Amino acid sequence: MKTIRLLFFIIMLVLMPVVFYMALVWVPPAMGLGEASRILYFHVPVAWSSVLAFIMSGYYSIRYLSGNDRRHELFAYNAAYMGLVYSVLTVITGSIWAHISWNMYWNWDPRETSAVILLLIYVAYFSLYSSLQNRETRGRISAVYLIIAAVVMPFFVFIIPRIYMSLHPDVVFNTAKKSGLELSMKITLIASMAAFTMLYFFILGLMNRTSVLKKIVEEKQNDD
Amino acid sequence: MMTEVLIALAVIWAGIAFLLFRIDRKLTALEKRINE
Amino acid sequence: MENRIIKNLRKDFLVEFRNRSAVNISFAFAGITTLSVSLATGGIRLQPDIQSIILWIIVFFSGMSGLAHIFIREEEEKTSLFLSLHSTPEEIYISKLIFNIAFFLVICFAVTPLFVFFLQALPVHLIFFILTVAAGSIAIASVSTILGAIVSKAGNSGTLFTVIAFPLMLPVLWISIGLTTSCFDPSVQPDCRGLLFLLAFSGVIISASYLSFRFVWTE
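Residue numbers (numbering that gives the first Met the number 0), protein chains in the order written: chain A, 0 to 223; chain B, 0 to 35; chain C, 0 to 218.
Don't take each hint at face value.
Selected chain A positions facing chain C (Cβ under 7 Å, derived; list incomplete) [unchecked claim]:
#1 VAL17
#2 SER130
#3 ARG139
#4 VAL143
Between beta-carbon pairs, the in silico distance windows are [claimed, not checked]:
#5 C:VAL105 x A:ARG134: 32 to 40 Å
#6 B:VAL10 x A:ASN221: 42 to 50 Å
#7 C:LEU45 x A:ARG134: 44 to 52 Å
#8 A:GLU218 x C:THR161: 45 to 53 Å
#9 C:GLY30 x A:GLY33: 52 to 60 Å
#10 A:ASN221 x B:THR27: 20 to 28 Å
Chain C is nowhere near these chain A residues, computed Cβ spacing over 12 Å in every case [what the hints assert, rightly or not]:
#11 LEU5
#12 PHE7
#13 PHE8
#14 PRO16
#15 GLU34
#16 LEU73
#17 SER100
#18 ASN106
#19 SER113
#20 VAL122
#21 TYR124
#22 ARG137
#23 ALA193
#24 LYS214
If you are wondering where the hints come from, they were derived from the structure by calculation, not from laboratory data.
Quick caveat: nothing in here was measured; it's all calculated off a predicted structure.
Where is the CB? At the ideal position from N, CA and C, for every residue including glycine.
Kindly produce the complete structure, drawing on both the sequences and the hints.
Take a look at the structure:
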């Protein structure tokens with residue numbers, strides 16, 4: 000393994016258990032919510048990872064359209080795939096938290112609804128991708144869709160929750176740091192976000208390398 | 000009880016990290032073979 | 000460039016005018032729905048939120064029956080290749096977009112008085128109401144233009160258009176319905192943030208579509 004990747008891996012390897020310890024033991028329980036608030040340190044990073052994934056898919060789509068390197072189409076697909084998985088996790092952890100806080104799993108709260116809409120946008124991407132089976136233009140058309148999705152995403156993640164008052168505790172997860180979190184909570188949250196972001200990029204790297212190898216194998220088979 | 004939970008989580012994470020490491024090793028080996 | 004855009008627009012308007020099926024279907028739908036709701040409620044004035052939901056359902060579906068039409072007609076009548084020869088993709092996009100917006104606005108401003116009249120839904124904040132209907136229409140039209148183009152290049156499936164358009168239309172409708180509800184409510188001061196959201200949303204989608212339309216259109 001290359002040195003940088005190894006270093007990255009070791010940091011991630013060590014950081015995640017540290018984050019578990021910090022989130023589950025070290026951090027004092029939040030006022031009002033008690034011990035259940037610890038889910039915050041996992042829900043927020045997962046939500047952030049899904050936003051990151053969608054930004055990455057938009058980035059790879061733009062690079063694909065401007066460069067015509069076929070690999071970037073695959074990378075965009077992988078990034079969107081992970082984005083979808085993380086969105087599902089966000090909705091699930093969010094509804095667990097909702098059940099703990101307000102005794103209802105789902106509320107059609109503006110923020111929850113935005114999360115679901117984001118999920119549906121990416122499900123639509125996969126429908127589009129599979130309905131364009133094997134056409135030459137598949138990469139380009141789905142890349143355009145991903146760019147539009149990535150561009151529209153900030154509206155759902157950042158803007159809608161500010162327009163409508165929401166039950167969601169800290170309306171936008173970015174401002175969670177400002178609404179009265181103690182220092183230890185901030186540190187835990189940042190550490191957790193760092194760990195999950197590293198995990199995201201590591202897995203994305205693995206998926207991308209696999210896709211490249213798969214493509215090489217397919218091309219060899221086509222040549223034979 | 001919390002110690003048990005933490006140990007369990009740490010073990011699970013070690014397992015996941017080990018699997019990721021193995022995948023990476025296999026991918027690197029394949030890439031080396033293809034580049035020859 | 001402007002000349003070609005205007006020529007494309009004129010062509011679209013003429014074709015649509017001669018074969019008035021899309022506009023007719025839209026008006027028929029709007030008329031029938033409004034009249035049915037009015038008949039069913041027996042003239043009782045409904046609550047503001049139900050009134051606004053009905054308005055947007057009518058507007059949305061009247062528009063939908065005509066919008067995807069635009070690109071699909073090009074593909075079906077095989078005129079898309081000719082169009083590509085004649086104008087650059089950006090010009091095509093702008094002319095289609097303007098046509099869609101115009102089409103949708105026409106439907107809206109024909110449907111809305113019908114709706115106000117038959118459902119006795121007098122908007123208290125009139126200017127805000129007009130702005131909301133216009134902003135919502137523009138947003139729906141801009142989403143439909145690019146998605147209609149994508150779907151027409153992807154084989155024209157109607158279900159595909161539904162699947163793709165639904166998650167982008169839902170928030171537009173959601174916010175528009177919320178805004179129009181506050182238009183009918185005398186106690187609530189109209190809140191411009193939703194309006195800005197709709198306009199910003201349209202702007203962002205139009206910019207992104209303008210820049211990437213080329214990749215959808217050219218084979």
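Cross-check of the supplied hints:
Given the 7 Å rule on beta carbons, the hint for VAL17 of chain A is violated: about 38 Å separates it from the nearest Cβ of chain C. This hint holds: SER130 of chain A has a C-beta 5 Å from the nearest C-beta of chain C, less than the 7 Å allowed. For ARG139 of chain A, the shortest C-beta to C-beta distance to chain C is roughly 5 Å, which falls under 7 Å, so the interface hint holds. For VAL143 of chain A, the interface hint holds, since its Cβ comes within 7 Å of a Cβ in chain C; the closest pair sits about 4 Å apart.
The hinted range of 32 to 40 Å is satisfied by VAL105 of chain C and ARG134 of chain A, whose Cβ atoms lie roughly 35 Å apart. One distance hint, 42 to 50 Å for the beta-carbon pair VAL10 of chain B and ASN221 of chain A, holds here, with the actual separation near 44 Å. The hinted window of 44 to 52 Å between LEU45 of chain C and ARG134 of chain A holds, with their beta carbons roughly 48 Å apart. At about 36 Å, the CB distance of GLU218 of chain A to THR161 of chain C disagrees with the hint of 45 to 53 Å.
The hinted range of 52 to 60 Å is satisfied by GLY30 of chain C and GLY33 of chain A, whose Cβ atoms lie roughly 58 Å apart. For the pair ASN221 of chain A and THR27 of chain B, the beta carbons lie near 25 Å from each other, so the given range of 20 to 28 Å is met. No beta-carbon of chain C is positioned within 12 Å of the beta-carbon of LEU5 of chain A; the least distance is around 38 Å. The beta carbon of PHE7 of chain A is kept farther than 12 Å from every beta carbon of chain C, the shortest such distance being approximately 33 Å.
Non-interface status of PHE8 of chain A relative to chain C is upheld: no Cβ of that chain comes within 12 Å, the nearest being about 36 Å off. Against the 12 Å criterion, PRO16 of chain A stays outside the reach of chain C, whose nearest CB is about 37 Å from its own CB. Against chain C, the non-interface label of GLU34 of chain A holds: every CB pair exceeds 12 Å, the least being about 35 Å. Here LEU73 of chain A stays apart from chain C, with its beta-carbon at least about 17 Å from theirs, past the 12 Å limit.
With a least CB separation of 24 Å from chain C, SER100 of chain A remains clear of the 12 Å interface cut-off, as annotated. Annotated as non-interface, ASN106 of chain A keeps its C-beta farther than 12 Å from every C-beta of chain C; the closest such distance is 15 Å. A beta-carbon of chain C is positioned within 12 Å of the beta-carbon of SER113 of chain A; the least distance is around 7 Å. Look at VAL122 of chain A: its CB is around 8 Å from the nearest CB on chain C, not clear of 12 Å, so calling it non-interface is violated.
The non-interface label for TYR124 of chain A is inconsistent with chain C: the shortest C-beta to C-beta separation is roughly 8 Å, within 12 Å. Not every CB of chain C lies more than 12 Å from the CB of ARG137 of chain A, the least distance being 9 Å, so the non-interface label is violated. At roughly 30 Å from the closest C-beta of chain C, the C-beta of ALA193 of chain A stays outside 12 Å, upholding its exclusion from the interface. No Cβ of chain C comes within 12 Å of the Cβ of LYS214 of chain A; the nearest lies about 21 Å off, and the non-interface call holds.
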